[in-house]
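Residue numbers (the numbering used here), protein chains in the order written: chain P, 6 to 453; chain F, 6 to 453.
Because the hints were derived from the structure by calculation, they are not lab data.
Careful: at least some of the hints might be erroneous.
Note that identical chains are pooled: a pair holds if it fits in a single copy or bridges any two copies.
[Claimed, not checked] DSS-like mimics (lysine-lysine), calculated; alpha carbons at most 25 Å apart, straight line:
| no. | residue 1 | residue 2 |
| --- | --- | --- |
| 1 | 160 | 432 |
| 2 | 447 | 203 |
| 3 | 26 | 139 |
| 4 | 432 | 447 |
The structure presented is a predicted model; accordingly, all values stated were derived computationally and were not measured.
There are 2 protein chains.
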Amino acid sequence: MRAGGVTMDLIKRLNKPTGEKIMTQLEYARQGTVTEAMEKTAVSEGVSAETIRQGLAEGTIVITQNLRHQTISPLAIGKGLRTKVNANVGTSKDRTNIEEELAKVGAATEAGADTIMDLSTGPNIDETRKAVIKASTVPVGTVPIYQAAVEMPEKKGRAMVEMTGDDLFHVIERHGEDGVDFITVHCGVTLNSVQRIKKEGRLMGVVSRGGAILVEWMHYNKKENPLFESYDRLLEIAKGFDMTLSLGDGLRPGCLADATDRGQIQELLILGELTERAWAKGVQVMIEGPGHVPLQQIEANVLLQKRICHGAPFYVLGPLVTDIAPGYDHITGAIGGAIAAWAGADFLCYVTPSEHLRLPTVDDVRQGVIASKIAGHAADIARGLKGAMDKDNSMARARKALNWPEQIRLSIDPERAQKLRESCLPKESDVCTMCGELCAIKKVATLL
Amino acid sequence: MRAGGVTMDLIKRLNKPTGEKIMTQLEYARQGTVTEAMEKTAVSEGVSAETIRQGLAEGTIVITQNLRHQTISPLAIGKGLRTKVNANVGTSKDRTNIEEELAKVGAATEAGADTIMDLSTGPNIDETRKAVIKASTVPVGTVPIYQAAVEMPEKKGRAMVEMTGDDLFHVIERHGEDGVDFITVHCGVTLNSVQRIKKEGRLMGVVSRGGAILVEWMHYNKKENPLFESYDRLLEIAKGFDMTLSLGDGLRPGCLADATDRGQIQELLILGELTERAWAKGVQVMIEGPGHVPLQQIEANVLLQKRICHGAPFYVLGPLVTDIAPGYDHITGAIGGAIAAWAGADFLCYVTPSEHLRLPTVDDVRQGVIASKIAGHAADIARGLKGAMDKDNSMARARKALNWPEQIRLSIDPERAQKLRESCLPKESDVCTMCGELCAIKKVATLL
């Protein structure tokens, strides 16, 4: 079998004795083994290693770490854990500057991003990815189909739609070999789910790049999506590196009006089934979700994903609660992300102020990460996560004590807080220029 | 009676024939009269004048317009209407520049603020207030106790705590005479409610300036809050100008840990009773609310206010859903504001990125207003307000059509959207540099 052959080949390339079986964190968890990765993530999450093991075994937690990427600390994402934040970086054909993308990696992790996705579509994608993996101190994800599509005209002199399943799977293997920790694969963009969109009608069609590539490919080739059709081959590759599959929502809504429509939910149903197939093969899975969703539909989207996908971690993009705020979509995404994470989403993909307008700058990346971190943190408090409010309480005490160095230190972005305060210093050094001597805290300090 | 005397005096100063009775919008509504203000606000809200009249009569809607401030369009706030946004401006002793404050008024209204509050505490408060009222195209609110307190040492050579009820009420009259449309009055900061805070204990005590001034005053004078004690006198003045009372939450929590505690709720209970007393005298009322509130307590806070205050409009500050984000509190406030307005809050007081750090700059004001506008808009959509999603749908159509001028035009801040796009133009003019030729929308344009 081709798939089996790939795995054996991978085992060799992983420098394991040919006979040795590769075990994923999911498989270790199922057989009751607590791995070093489980122990480490338990410490950083403040839970027991058994909690992590059990979540992994049930599929409600993933540890995103490629067997070949042992330089980073392992990261656990899922039920009962701190909400995680991902930052997208990567070149586009219109703007390719690897140094700038690496600066974004630095800005993102410094601001607290838990993972980085390299979404490069410019030239030298392999080189960029390797550089991002080398530079990142956190797990790295990719969307291999971007590279497979872009390389068709550029390296193979053929049209994107002439891509074969092999073209795509070979790229996925390369990503695995380079140590990518999780990959977005749009396996639920099928002839059937796309048909549902056509029948119902949509304001904005498909807005996922991966989704659009596959819709175009299926239309041209009159064939089923190879990521769906050859899903077992994908599972073999993923398993060979313990690379977590992030089942992409290629049919996610691109505007509020399209949210939670039949196409979106049809894709989710397929992803639910594929989740079980991945679990059966010992492959870790999370599910990607929208997108553009009106406030009042967010909780339902989370509940639906949790039920349909049997508790697999939910990785949402935003969600953006209005379509009219380009330039401020980090804010629309923070509103949606807070509500989603409160309802049970586990992993927030940041949105930057540049969304819908341009490739983000380094500063956009910082702004986007911080907005999502705020959302996740607010949700962790709302969900009653142990210790989530400790830092808030420390900040309250620092404010009560008019202790400015401590307030700055406890800030989510101490540099910015310091800069704003310094730009306009009060005459009395213990207050601020908002209220000056009328400072309420100072007034009642001895009375309450 | 003193209070009656004031009213007769006011009637004279309003240049009304001495015998003529001043009628408030609430009184007109109760007797079944649809005023011009009701008609105008009905048009701008897209509801019937009868809806406005009925809401006014029930107390669930206010029209914030001083009888002496006829240069602005009247504004209706309350049940079933678009969520409104207030922007605070005003000098502090540490930073007094009237021109800068007027620039903030301009920036705020340009960004879509529905009201302006002048919270000046620097020198020349009368002059500043008159200038703000003159410059503003929207209703103006104030917090008269700031001026009364600041003028004690500055103009009367006495300590703030030596302020008399007369000192305070005379300032309130001056504000009414100048055309202030609504005033914050912390009538629920009473000996009793403060006692409840002391008994339960709080991390941060009192963080409202007005609240702190009154706590200090009551402690020093061993007397009840004059705004509570002489509430009828306040009602007489308010009625004389149809100045809406915004019953302030002087005991609002200053950190998540203090949210929804006994002191806060005791104050709310008092405000509920005072709401009924205002209505009985024909005075319009709204209720101010927190502040710092964890996500999961926001809805309960709104439901409680609506029940306790019999449906009076709710005017919330933020709420801020975490304490650790100084420099980004426009975002923490947008998250809280969206959830509050979705749950039924009617009026959002903006929070700027400078909150907790300094007096805001002109740009901070713009950022704060836009963040709150996003929150209110997302909530209006969630509440199913008629037509709320029209602009979002137009944006979706413009995006589908890759019509960039239209996307910019429909943006909440066209100038910023244009600037971001122009800063990084794509090679193919119909896409953007995020995806370039991989633009999903473009790919599937003819397929879906």
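Do the hints match the structure? See the list:
1. 160 <-> 432: Classified as between: cross-chain Cα gap 21 Å, same-chain 65 Å, threshold 25 Å.
2. 447 <-> 203: The answer is between: 16 Å across copies meets 25 Å, while 63 Å in one copy does not.
3. 26 <-> 139: Neither. Shortest intra-copy (27 Å) and inter-copy (79 Å) distances fail the 25 Å Cα cut-off.
4. 432 <-> 447: within (14 Å within a copy, 57 Å between copies)
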